[in-house]
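Between the sequences and the hints, there should be enough to build the whole structure, so can you do that?
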Amino acid sequence: MRKYASQQPSLADRLEVWLPKLILAPTTLAMIVCMYGFILWTGALSLTKSRMLPQWEFVGLVQYDKLFANPRWDVALSNLVVFGVLFILISLLIGLLLAIFLDQKIRVEGAIRTIYLYPMAVSFVVTGTAWKWILNPGLGIEKLVRDLGFTDFEFRWLVDQEMAIYTIVIAAVWQSSGFVMAMFLAGLRGVDENLIKAAQIDGAKPWQTYWHVILPILRPVFFGAVVILSHIAIKSFDLVQALTGGGPGYASDLPANFMYTFAFNRAQMGIGAASAMIMLFGVLAILVPYLYSELRGSQRD
Amino acid sequence: MLKRSIAACVAAASFALTPATQAAEVEVLHWWTSGGEAKSVAYLKKRLEGQGVAWKDFAVAGGGGENAMTVLKSRAVSGNPPTAAQIKGPSIQEWGELGFLASVDDVAKANKWDALLPTVVSDVMKHDGKYVAAPVNVHRVNWLWANPEVFRKAGATIPTTWADFMVQAKKVKDAGYIALAHGGQAWQDATVFEAVVLGVGGPEYYQKAFVELDMDALNSKTTEDVFRVFGELRQFIDTNSPGRDWNVATSMVINGEAAMQIMGDWAKGEFAVAGKRAGTDYVCVASPGTSNAFTFNVDSFAFFKQSDTGAQKAQKAMAQEILGSDFQKVFNLNKGSIPARLGMARDEFDTCAHDSMNAFVASSQTGGLVPSFAHGMAVSEAVSGAIYDVATNYFNSSTSAADGKAQLVAAVQAAM
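As given, the protein sequences belong to chains U and C, one line each in that order. Residue numbering for the first sequence follows my numbering, starting at 1 and increasing by one per position. Residue numbering for the second sequence follows my numbering, starting at 1 and increasing by one per position.
One or more hints might be untrue.
Claimed, not checked - Taking lysine-lysine pairs in the PhoX-like style, the calculated list, with each CA pair at most 25 Å apart, reads:
#1 C/73 with U/49
#2 C/153 with C/171
#3 U/66 with C/73
#4 C/316 with C/112
#5 C/56 with C/313
#6 C/173 with U/143
#7 C/56 with C/39
Treat the hints as calculated values from the structure; they're not laboratory data.
This is the structure we're talking about:
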């Protein structure tokens with residue numbers, strides 16, 4: 001097309017070329033500085049002996065050694081594994097089941113969908129505070145059941161070092177499964193009716209239709225949900241802070257809480273930066289294979 | 001036209017960004033935003049305004065001051081620190097090390113601060129032998145707050161040693177009360193741990209192990225005894241304690257739900273607000289085994305280097321005012337602590353404060369006056385954080401005393 005245009009490109013033409021770049025430039029710049037710039041900055045800090053303020057004296061991997069020698073970091077990491085796996089699996093399962101039930105052309109679907117989606121509208125701080133009260137033995141479920149006459153009833157996960165991390169799973173699942181439901185519901189609505197009819201004509205039972213026909217089609221939704229949920233899991237901070245404060249002791253610490261404590265409360269910026277880098281690698285370990293498969297997929301199309 | 005208005009905008013913006021160079025102004029970073037603390041700060045502001053020094057309040061809320069410290073760091077790094085900031089303990093040395101603090105030594109010399117302050121306190125205020133900070137108060141941390149009514153009903157007496165504590169607390173517990181009101185937050189666990197260290201090991205051990213971080217002292221049998229006693233306390237707190245705020249625990253003593261609480265003298269404010277009287281409605285005694293000792297927690301303002309001469313003058317005026325007997329009296333009456341300055345008229349203070357003052361003077365002569373590690377007075381934030389972790393983890397689990405000791409030694413060594 002362009003070869004028929006005059007030698008001197010008109011103002012409008014030049015604008016057409018430059019305008020998108022001009023408009024995108026500020027956000028691109030902000031992204032480069034605020035994301036990648038600070039990632040590099042944090043990475044560099046993690047190699048220094050910085051304590052209270054950044055100090056540019058490089059000491060190699062000493063901070064990482066200290067980090068992995070710290071028992072609290074071990075607790076935070078193993079908590080992340082427990083929390084991440086349970087949170088993602090349970091959210092997926094509940095979200096999928098809710099979506100399938102809602103997809104049965106039931107009556108007040110709109111209202112029910114809103115109810116399940118509603119927890120997403122409150123922040124993790126609110127969720128954490130509410131669940132703190134519900135799970136507190138002296139205020140919540142334990143007291144309620146005891147008041148009903150079952151005086152031996154015990155439910156004190158919140159104050160038990162071994163179980164506290166599971167209370168965080170409960171609250172996080174409550175918050176996020178409605179969102180997963182919405183994702184699956186959208187996916188289910190996109191499934192071609194004819195495929196389901198064909199399966200029915202072939203004599204497939206409803207569960208067989210779901211298992212062999214519909215769920216394989218929903219594979220991209222699964223991927224999307226896992227990626228979103230896993231980054232929620234890794235960056236979880238406010239929920240822990242509001243629900244358990246990392247306690248009892250530091251039994252329910254997650255890496256983000258560890259990082260905050262060491263970088264900002266304890267004047268150990270180097271260790272804090274090192275833990276932030278480890279978290280970043282955790283996110284990348286999930287994101288890179290995902291992006292790889294996505295990009296390869298789009299090239300194939 | 002457009003050009004001119006842009007120029008005007010830029011001028012206005014740059015004017016707004018330049019720090020105000022008013023003749024005499026202090027900008028003070030603090031986190032005293034609630035109740036008696038806010039009143040105390042307001043009084044300092046009033047006194048300074050009386051001398052023509054304007055007060056620019058730079059309050060960052062958040063009890064422990066973590067938020068305030070984060071703001072301070074970013075201000076200091078960007079080259080625009082406030083005139084003075086509420087910093088205490090070894091942090092003053094860390095800031096001094098980084099070259100941010102200004103000397104107010106001439107004010108100190110003129111007003112004879114060396115004679116007014118006990119050496120342990122003035123040492124904290126100095127960097128490189130020069131005063132860079134001024135103390136506003138002294139908190140005693142090793143207090144036991146008791147409800148005598150609960151003790152009477154349970155047929156128990158207020159304990160003076162840890163061995164006795166276990167006996168009396170058992171009686172209280174059997175009578176159906178909570179023996180020890182406690183909030184399961186790391187700093188509160190550390191506050192109780194500190195009281196046990198001082199009561200079981202004595203001031204000398206405390207000084208060696210938790211201030212000088214002497215590995216032999218930390219590794220001694222005494223540390224194991226400390227952990228054993230600390231572990232025995234687990235049975236005397238209620239199961240709902242995790243996450244509870246300290247003032248909620250205090251109100252349990254006030255209401256007669258619980259018999260005792262181990263907490264610094266800021267707890268007095270809670271009793272006062274509830275209309276309780278020292279000596280009759282509640283009793284303050286030194287925590288078990290520490291009547292001859294005093295763990296101090298001194299709040300102070302550190303002074304930051306200023307380029308502006310007006311600001312420097314205002315800074316000195318503020319330093320002088322802080323150690324003035326008038327300010328020290330009013331501030332501490334409001335806050336529940338005692339003046340950092342020695343030899344002041346004491347008739348307006350209550351009996352708990354009198355006890356505190358007596359113990360302060362007496363212990364400063366016997367060596368029983370030790371800095372509180374649970375409140376950031378004794379060791380760097382890194383080390384006190386490590387001690388916090390071990391204490392809170394131990395208290396909330398069923399770790400053995402020997403393992404507790406091993407964890408403490410390892411954690412302190414790693415953080416040094």
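Which numbered hints are broken by the structure, listed smallest first?
Violated: none.
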